[in-house]
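In the order they appear, the protein sequences are chains L and X.
Numbering-wise (this note's numbering), the first sequence opens with residue 1 and increments by one.
Numbering-wise (this note's numbering), the second sequence opens with residue 1 and increments by one.
One or more of the hints may lead you astray.
In this list, chains with the same sequence are indistinguishable; a pair is considered to hold if it fits within one copy or across any two.
Once the Cα atoms are required to be at most 30 Å apart in a straight line, the calculated DSS-like pairs of lysine-lysine come out as [as the list claims (entries may be wrong)]:
#, residue 1, residue 2
1, K407, K145
2, K583, K521
3, K216, K586
4, K464, K72
5, K503, K61
6, K586, K74
7, K152, K216
8, K342, K83
9, K503, K464
10, K61, K72
11, K106, K464
12, K432, K510
13, K145, K259
14, K387, K412
15, K145, K262
16, K63, K583
17, K145, K216
18, K510, K387
19, K72, K503
20, K503, K27
21, K464, K74
22, K27, K83
23, K83, K521
24, K63, K503
25, K510, K583
26, K216, K585
27, K152, K262
28, K106, K521
Derived by calculation from the structure, the hints in this document are not laboratory data.
There are 2 protein chains.
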Amino acid sequence: MHRTHTCGELTIGNLGQEVILSGWVQKSRDLGGTTFIDMRDRYGITQLVVNTDDADDLRTKVKDLGREFVIKVKGTVLERSNKNPKIATGDIEIKVSDLEILNVAKLPPFMIEDETDGGDELRMRYRYLDLRRNPVRNNLILRHKMAQEIRKYLDAEGFLEVETPVLIKSTPEGARDFVVPSRMNPGEFYALPQSPQTFKQLLMVSGFDRYFQIVKCFRDEDLRADRQPEFTQIDCEMAFIEQEDILNMFEGLTRHMFKNVKGLEFEDFPRMDYADAMRLYGSDKPDIRFGMQFVELKNSTLPVDEAPLLWRGGGEAVFPVFDNAEFVVGINAKGAAHYTRKQLDELTDFIKRPQIGATGLIYMRHNEDGTLKSSVDKFYDEEQLKKWSAAFATEPGDLVLVLAGAKDRARKQLNELRLEMGNRLGLRDKNKFAPLWVIDFPLLEWDEETERYHAMHHPFTSPKPEDIALLDTHPGDVRANAYDLVINGTEIGGGSIRIHDRKLQSIMFKHLGFTPEEAQKQFGFLLEAFEYGAPPHGGIAFGFDRLVSILAGLDTIRDVIAFPKNNSGRDVMIDSPSTIDDKQKKELYIETTV
Amino acid sequence: MHRTHTCGELTIGNLGQEVILSGWVQKSRDLGGTTFIDMRDRYGITQLVVNTDDADDLRTKVKDLGREFVIKVKGTVLERSNKNPKIATGDIEIKVSDLEILNVAKLPPFMIEDETDGGDELRMRYRYLDLRRNPVRNNLILRHKMAQEIRKYLDAEGFLEVETPVLIKSTPEGARDFVVPSRMNPGEFYALPQSPQTFKQLLMVSGFDRYFQIVKCFRDEDLRADRQPEFTQIDCEMAFIEQEDILNMFEGLTRHMFKNVKGLEFEDFPRMDYADAMRLYGSDKPDIRFGMQFVELKNSTLPVDEAPLLWRGGGEAVFPVFDNAEFVVGINAKGAAHYTRKQLDELTDFIKRPQIGATGLIYMRHNEDGTLKSSVDKFYDEEQLKKWSAAFATEPGDLVLVLAGAKDRARKQLNELRLEMGNRLGLRDKNKFAPLWVIDFPLLEWDEETERYHAMHHPFTSPKPEDIALLDTHPGDVRANAYDLVINGTEIGGGSIRIHDRKLQSIMFKHLGFTPEEAQKQFGFLLEAFEYGAPPHGGIAFGFDRLVSILAGLDTIRDVIAFPKNNSGRDVMIDSPSTIDDKQKKELYIETTV
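Start from the sequences and build out the full structure, keeping to the hints where you can.
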């Protein structure tokens, strides 16, 4: 027997018991005749005491012990004199009567501690050691718990988990597929799924009516810090429902998960139109943990009588930047009036970075003494600044930050600035969670490159019935029955009601620029399936890695994945991908060109 | 709103209620002025009654209805005059006041009935329609329930589900890998996992101590009726355990599953040595739903004084087939003495089929009148046959069937014959479940082709400590700490205790014919991980598709998979695999050679 207890469970209630424990040597300290060993396993740390004067045998073994050795000890549970209230077993220690070295260990290349000295590369290379560290292990425990709770909720709601195939068919639309050459079908390839979208819709046609799957998906895209070539999706679909049913069902799921995993309860999730999200936050995934909503000073895209006129100076002079801009918009960074010249310069540098691309930052301080002071005092008198103050509802101590430019771009830029100010002012607390439904997404988005409209979600997304008439005249204004769940400024799920009517689907394809032949070629089997009695249906998919990372309070998904890949798509631990034998290639009817 | 209830839930308790139901038209019968419609959804069938004399509108709609149309009806729950006790809703019907056609349907290419007229090819081509049939849907519901119960049990036992990567590294050993060309690493390939074996062992090194995963695995092998290129495995591993812990834990899992899914309870699972399984059943996965154990009449591989001598005739004549054979072995097919000449000829044909390859069948009838009559009466007198009768414990009405040949081959052949007789005599009841642990598998098996020993399980399987000394002298006799769980003659799970000691691992590699360099090349990262403190560990993996098919009482796994592939690895529904664009190939640095 290797253990009677784990290293995390013995307490004062076990005093006097004979126990057997197994685990890793976290550290050992020799205090002349007595050695204290911290023994670690998945469940905790227990202090061992070895009186090395007692037995030659024990003395020799203890002398040999190094960090990360695997040992098994027999001993008695004693009360500790210097208790450690920080750990669950801190009241006791084990007086060791027998010790066995189950395995030796080389010195790890980095410290197995909560705060490690290992860099990212080293930690990835020895991921199995990194996984011994509490923070990383706890992320995976959280991930397990979340998956369990998600399944529990969906099962209770009558959802069936159905496994869809991994070896499917490549489609030219969308992101790049990973492909798999077929040995039995020379010259042909499978593709790995980017999502089980078509299969879940087929399951609705099959009458499965409540489907889910926690499933690996694949996208061969250039990787950023926070993207992985394989990722996990919580994929869901329902039939005989309307948008409201989906929102309620999956708000329930999110609520259940937070309650059972984090012990947190929520009011009804707020809902926001896409249009309002863009207007008030410049983003379709606003972080509503804090306010700092946008105030428009100028908006030339509105009819003249609805347009705000706060951009105009009161006097003769006109600030040319505002005069020339389509759009002028700002935020009230509450309490930031104390920002120094240097800090304001930093902000200017921040928004001028190429990935943001603003040209300049205008500010107005509402000083503690009540005076208003702006970077454009030359053009605005106090009367005018008071109007700004009113529009932004400033109080003494506030700082107004204003950008000008083309509408969409200025909104995007101010969104970045708002988030940056949120960070700087400590408003983005990782232990606070602010869920939000963003609804009424546009059905179509204009693509500059191909000069045509594309489906914003996918070509099967249903337009709002009342907007269908706009398809011919104002396609960009047609709203979809599409929705995203956003938490803390991150999109963690999105979905839509699907079109189940053949006629409407044909109209949609036409508007997306598909000929009937093209539509048939790309979506033939799904369209055919739809001819045999497709029910009204819709669904949603959640990015599980992202969801876990948010609950774990992490900025990236890498540490909620047991064995992640680096930015070149490599697993540096197993050294993959790698070359394969010529024999393998020959069997697969392929050759490499490098 | 699309429904207030499903088509499976209304009973006499709902009489008089106004309800809304949605579903598919199973069939409709017009009885002049009144139309009866069976409406179906995932949950059941409800009878609708439409009085077509009442309203022109209803009459028109009902006239248009075809099979598999999707409809929504509003109506009142009434008591049926001719009740149907076979269905849950058989006491009621819905008097329809309003009917809406949600979608039309073309006539399906086969009947959506429990017994369909669709052939395999057609059913695969229109899998989404096949999935509407009760038997197929019920298999997937069973699959869902089993997965849920498995996760519930393992979670309660402290196992963590950890997702291991799908894009891994190709290894030359074992079955053929599916590979995935890497765009970002020109000329290199990922492989899809045949199992997460190395990753689960790494997780043990990481201290995860109780891991599981229900996970897709992939093998590019030639497909038989009952193999799929992608299949699902319940993959488990534990640390700080011994074989006994694993057997108990996963016997518990199996028990839990049967109890909660099938309502069945079991005694302790019997255990059988591999050696006994081969001796008594000629198979390492005996079907113990029935007896019919092997009786050896001759075994030249045993020492002379232990060898059974029943093969020798009593008189002068010697039956040359038995005389020449290494091994003579038989079974008592209880109650089959009535077998006619024709039936016995069929059995002879059965065992002579190329895939079985026996040369002839000897039989002895224990007639109802007590007389014994054999096909080798020329060589055996009654005295001798009485000895056979005693050895096989025959009673009047029994039939003894005997084969002769080389030991291993004769055992395999008789195993086939035993299973065939089990089928013919109705002893393999699909509603009866007989689990069995087969333990003490040999560590090594001799491979004729490469003329060396191979690991029977895998190179990390631990030999039994007491057998290690035999490695040098009798490698074929060394038993492993390896075990299989067998149900009804099908291996549904298998595993082993792993080697965690570097020295023993080196010895094993030597015996498997690896040079240290080869071992390093193939298993380098795992061996390196083992140097940093590997705990004693072991595990097991279950074939989930197979397990579901057994509980579903099916002979193949195809109908427990939502979207299976055919024997050429094709999904004929989505027509995959398929060719890909030259642009795609170019990006992946590959060319096809056909």
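The hints, checked one at a time:
1. K407 to K145: Classified as neither; 43 Å inside a copy, 52 Å across copies.
2. K583 to K521: between (34 Å within a copy, 18 Å between copies)
3. K216 to K586: Intra 29 Å, inter 26 Å, cutoff 30 Å: intra and inter.
4. K464 to K72: Answer is between: at 21 Å across copies they meet the 30 Å cutoff, but 66 Å inside does not.
5. K503 to K61: So K503 and K61 pass the 30 Å test across copies only (19 Å; inside, 80 Å).
6. K586 to K74: So K586 and K74 fail the 30 Å test inside a copy (58 Å) and across (62 Å) alike.
7. K152 to K216: Result: close both inside a copy and across copies, 19 Å intra and 21 Å inter.
8. K342 to K83: neither (49 Å within a copy, 85 Å between copies)
9. K503 to K464: within (15 Å within a copy, 69 Å between copies)
10. K61 to K72: Answer is within: at 12 Å inside a copy they meet the 30 Å cutoff, but 77 Å across does not.
11. K106 to K464: Between copies only: 27 Å across chains, 64 Å inside a chain, cut-off 30 Å.
12. K432 to K510: neither (45 Å within a copy, 57 Å between copies)
13. K145 to K259: both (12 Å within a copy, 24 Å between copies)
14. K387 to K412: Answer is within: at 25 Å inside a copy they meet the 30 Å cutoff, but 94 Å across does not.
15. K145 to K262: Cα proximity of K145 and K262: in one copy and across copies (10 Å, 27 Å).
16. K63 to K583: neither (52 Å within a copy, 63 Å between copies)
17. K145 to K216: both (18 Å within a copy, 21 Å between copies)
18. K510 to K387: Neither: 49 Å inside a chain and 86 Å across chains, both beyond 30 Å.
19. K72 to K503: between (71 Å within a copy, 19 Å between copies)
20. K503 to K27: Close across copies (26 Å), not inside one copy (71 Å); limit 30 Å.
21. K464 to K74: between (70 Å within a copy, 25 Å between copies)
22. K27 to K83: Classified as within: same-chain Cα gap 18 Å, cross-chain 76 Å, threshold 30 Å.
23. K83 to K521: neither (72 Å within a copy, 49 Å between copies)
24. K63 to K503: For K63 and K503, only the inter-copy Cα distance (22 Å) is at most 30 Å; the intra-copy one is 81 Å.
25. K510 to K583: Classified as between: cross-chain Cα gap 26 Å, same-chain 47 Å, threshold 30 Å.
26. K216 to K585: both (26 Å within a copy, 24 Å between copies)
27. K152 to K262: both (16 Å within a copy, 20 Å between copies)
28. K106 to K521: between (58 Å within a copy, 20 Å between copies)
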